[in-house]
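Chemist: If you want the building blocks of each chain, they are given just below.
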Amino acid sequence: MSVITLNVNGAVHQVDVDPATPLLYILRNDIGLRGPRFGCGLGQCGACSVIIDGALVRSCQLPAAAATGAITTLEGLSQNGTLHPLQQAWIDEQVPQCGYCQNGQIMTAKALLDRNPSPTDAEIREGMQGALCRCMTYYRIHAAIKRVVAGQATGLAHEAVGTAAAAQEASV
Amino acid sequence: MSTHSEFPRFIEQALQGLNPSASRRQFLASSGALVLSLGASAVPGARVLAQAAAGPYPDPDFLQLDTWIVIHPDNSATFFVGKTDGGQGTGTAFRQMMCDELDMAYEQTRLVMGTTDTTPDQGGSGGSDAIETDGKPMRRVAAEARRVLLELAADRLQVPVAQLESSAGMVSVRGDATRAVRYADLVGGQRFNVTLSGNNVNATTGTAAVKPVQQLRVVGQSIQRYDIPPKVDGSLTFAVDVKLPGMLHARNVRPPVAGAVLRSVDESSLAGLPGVVRIVSRGNYLAVVCEREEQAIAAARQLKADWAAPAEAPFPPSEALFDFIRSAAPTSSEEPRVSGDPASAFASASRVLEAVYEVPFQGHTAIGPAFAVADPSDNQLTIYSNDMKSYGLRTGVAAFLGLPRDRVRVVYMDGPQVYGRTAADDAGFEAAFLAHELGRPVRVQWTRAEETAWDTKGPAYSFRLRGALDANGQPTALDYEARAVDYAHLGYNEPDTVLIAQLMGRRPARIAEGGAALPSVKYGIPNTRLSGHVVALPLVWETPLRTGNLRDPDGPQVTFAFEAFVDEMAAAARRDPAEFRLALVEASGEDSAFRRSRSLAVLRAAVEAYGDWETRPAPRAPSIGSVHSGRGIAYTFRSNTVVAVIADVEVNRDTGRVWVKRLVCAHDCGLAINPMGLRHTVECGMLHGLSRALYEEVQFDGEKVLSVDWESHPSLRHADTPERIDIVLVNGDPSPDRPDLPHYGAGETSHKPMIAAVANAIFDATGVRLRRAPFRPERVLEALRAART
Chain A
1 MSVITLNVNG AVHQVDVDPA TPLLYILRND IGLRGPRFGC GLGQCGACSV IIDGALVRSC
61 QLPAAAATGA ITTLEGLSQN GTLHPLQQAW IDEQVPQCGY CQNGQIMTAK ALLDRNPSPT
121 DAEIREGMQG ALCRCMTYYR IHAAIKRVVA GQATGLAHEA VGTAAAAQEA SV
Chain B
1001 MSTHSEFPRF IEQALQGLNP SASRRQFLAS SGALVLSLGA SAVPGARVLA QAAAGPYPDP
1061 DFLQLDTWIV IHPDNSATFF VGKTDGGQGT GTAFRQMMCD ELDMAYEQTR LVMGTTDTTP
1121 DQGGSGGSDA IETDGKPMRR VAAEARRVLL ELAADRLQVP VAQLESSAGM VSVRGDATRA
1181 VRYADLVGGQ RFNVTLSGNN VNATTGTAAV KPVQQLRVVG QSIQRYDIPP KVDGSLTFAV
1241 DVKLPGMLHA RNVRPPVAGA VLRSVDESSL AGLPGVVRIV SRGNYLAVVC EREEQAIAAA
1301 RQLKADWAAP AEAPFPPSEA LFDFIRSAAP TSSEEPRVSG DPASAFASAS RVLEAVYEVP
1361 FQGHTAIGPA FAVADPSDNQ LTIYSNDMKS YGLRTGVAAF LGLPRDRVRV VYMDGPQVYG
1421 RTAADDAGFE AAFLAHELGR PVRVQWTRAE ETAWDTKGPA YSFRLRGALD ANGQPTALDY
1481 EARAVDYAHL GYNEPDTVLI AQLMGRRPAR IAEGGAALPS VKYGIPNTRL SGHVVALPLV
1541 WETPLRTGNL RDPDGPQVTF AFEAFVDEMA AAARRDPAEF RLALVEASGE DSAFRRSRSL
1601 AVLRAAVEAY GDWETRPAPR APSIGSVHSG RGIAYTFRSN TVVAVIADVE VNRDTGRVWV
1661 KRLVCAHDCG LAINPMGLRH TVECGMLHGL SRALYEEVQF DGEKVLSVDW ESHPSLRHAD
1721 TPERIDIVLV NGDPSPDRPD LPHYGAGETS HKPMIAAVAN AIFDATGVRL RRAPFRPERV
1781 LEALRAART
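Going line by line, the protein sequences match chains A and B. The opening residue of the first sequence carries number 1 in the working numbering; numbering runs sequentially from there. The opening residue of the second sequence carries number 1001 in the working numbering; numbering runs sequentially from there.
Treat the hints with caution; some may be incorrect.
Have a look at the derived ranges for each label pair, beta carbon to beta carbon [what the hints assert, rightly or not]:
hint	chain 1	residue 1	chain 2	residue 2	range
1	A	G81	B	N1193	41 to 47 Å
2	B	A1399	A	Q129	41 to 47 Å
3	B	P1734	A	Q129	43 to 49 Å
4	B	E1165	A	G81	35 to 41 Å
5	A	Q61	B	A1621	46 to 52 Å
6	A	Q61	B	G1402	48 to 54 Å
7	B	I1624	A	Q129	26 to 32 Å
To spell it out: a stretch of chain A is covered by chain B in this simulated footprint if at least three of its residues, at any positions, have a beta carbon under 8 Å from a beta carbon of chain B; those stretches are [claimed, not checked]:
hint	stretch
8	2-10
9	70-82
Rather than coming from a laboratory, the hints here were simulated on the basis of the structure. Positions of the beta carbon are idealized from the N, C-alpha and C atoms, including for glycine.
With the hints as extra help, turn the sequences into a complete structure.
Modeler: This is the structure in structure tokens:
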């Protein structure tokens, strides 16, 4: 065990752990964050993703002692209670099903847009490829990213319809 | 922090003022369900739940209106329902349904789900029946609450009920808005004290009638799901986030080969490792329990144990699986269902087609491996889990450990996807056992390899189909024979079949065989013979190839074989595949639940939504170049929900890659409670089916599963996503405006026809019929090569 210092979402934490411990477990179990999640422990699914000094990192693979930069997690994306445009777009497009992988989706999208603010559809597919979703929300994710790219990440109008009968879209 | 993750304190305040039942008071005052406090964490800021209070935890009485609905002094309401929401938005839909019957605005309400001592036992989730079945008592009890409120208001305002109206939590005199009273002023913070009737929870009712569909206002709106904001800002406490004072971390150590017997454990192999609390072994169940999670991971890797491999191979290697299935003696066979005279029809046919279809084992392989936390403090046992059947987990664990049911409680919280009998059941029992054994809270977390190799599987199938066509290309007979590897199909949370019970040597008194399922279609083929057999692998217990319900348990397999074979008949008859199906449905006489009418409606709607459907037989005219495109249609129903899908594919003849470029789905589940939530569930169900069509297959050698991670067990990913998905919500009821239009389930139907639709599209593109799923590139290349020679 040794004391290591982590800079997470602008706060400094000192934890006394085995320095080889993957960052993920420190973030979750010692610092109490819930955004990064365990999915595979192999760097294959992206559920544990964080951003360190601007780079997307699999926190399940990185020894905590090597995490010397500024760590941003999902919780750190919103500022003063205002959601990051990606988070807002995720709500506008109603992206998640179970939501377990969405940390990885949002953090991967953040890293993608940070290096390429206006990706093509092909670049979105390529750039998001490492983030696995087993509920298969991919199509919604692409819509949410495109919404941010288009600068429209606020308030989706509800499909408000007066009566249920009218909401049945096609009577055939 | 978003509202979904906050503790609804007003419930506590409301109920503490009215002498609530002990169980509910304890839940509200001290439970770990939603109460967050700063506990005994080493680091300030780590949120730790309070320990569970002593039981007992009796069952909420579903015949009391107060069990379902609480009106608070601030004129808001909380609904308590015994369901779980795997992320399809059923919680939001329940609120909408109950709001409409109660005449409250959506924003005035909240919903608590699936915690065994807090919400009435509606069984949790399963069978996509949440909206179809469990939503009905919710509507009726909300209607009953409104009836009682109107009576109370009549008394208060001295006006007959007939002259009153209600809206947004307020009763007023019709035509005189100045004479009004809030619900809160009638029962806020008090009990209704109304006893309901019904001999089971689904039959629960008061005396009030539910509203006709035309009067529903909240139902039918695409209200945004309440669980989504905390899922995207990181504030939601998932079950996987639960931390308790003194909580230990456990990892299982599984047998290295299936059926291995644990001879000894070398405890000295962990000497010097920090944090090891105990090595637990019981029969062939082995686990390490440590103070910290990374210590448990290291200990599980380092622990040395002596396992004896079984004398007989537990199963054939996956490449020989289908030969095994076809040659095995069935453990059971269903009496064939015969209509007409198939033998004569085949004898007089002008053409007979025959084909064999194959689907391997496919797993749940959840994005988050199975886990659970159990807290044995104070002579009770509380399990925190995302298990979709929290009530069954409670009952099963109580039986497994020999504890009184009312000393065991399960707190349901969000978690990774739960499309059936997942390993969440197994992890729940393991956490309970270890916590009971050690007397401290224990968190069990499965590894990726464990989840992918050992979770329950959808049964592998081999099908043999024969079809007879007359001289006009009209199908006159069909012979369908299915073989499923589904002996000892696992139920939910059974104390004698969960993995830990098997490994400890427990065996069920009676083996519950699955069945080889029959197709769900409305085709008018006059002479049919449908039969099914179950076969068993050599190793029945303690095997990673254990079957259990996986999203529409047999539907994708059966529908692949049947709907692809129907496509073969259409192609042989040189008929357009949509037109061919429409004609077959039209020839069907029976129309229960209007499924025939609705089948015609979805088939027509899918073709119409596709846009430029060219009427022609498959395959399309051969094209030059590497990338060939084609379209495929498939149709089915599940329970009373009917669906037709069309897939556009591109097949790369050089690489074997299949890209489903566009999907069209016409879907009829009756009344849509929340159209947007419904669309997303339909869409994600389709893509999950696409993943099973293109990638998912459990592979194994003769002694162990080789699919252990996302490379050895690939899944659909971003690059595979269609560029366009069109979903049409259809109402094909012959009386589409009827006031009692039913609301059916939607969690599985769109998933069901996907393998078939993709196979049919590949045939249309290439002229090559793929009869073994999944259509991985190497298999596509092999089939294309075989077709050329």
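Chemist: Hints first: check each against the structure and report whether it holds.
Modeler: To see whether the hints hold, each was checked on the structure:
Range check, A:G81 to B:N1193: Cβ separation about 42 Å, and the 41 to 47 Å hint holds. The hinted window of 41 to 47 Å between B:A1399 and A:Q129 holds, with their beta carbons roughly 45 Å apart. Hint check: B:P1734 to A:Q129, Cβ distance near 47 Å, so the stated range 43 to 49 Å holds. For the pair B:E1165 and A:G81, the supplied restraint of 35 to 41 Å holds, since their beta-carbon distance comes to about 39 Å.
Separation of A:Q61 from B:A1621 is about 50 Å and conforms to the stated range, judged on CB atoms against 46 to 52 Å. One distance hint, 48 to 54 Å for the beta-carbon pair A:Q61 and B:G1402, is violated here, with the actual separation near 43 Å. A hinted range of 26 to 32 Å for the beta carbons of B:I1624 and A:Q129 is consistent with their spacing of about 30 Å. With a threshold of 8 Å between beta carbons, the proposed coverage of the stretch 2-10 of chain A by chain B is violated, since 0 of its residues qualify and at least three are required.
With 5 residues having a beta carbon nearer than 8 Å to a beta carbon of chain B, the stretch 70-82 of chain A meets the requirement of three or more and the stated coverage holds.
Of the hints listed earlier, those the structure fails to meet are numbers 6 and 8, in rising order.
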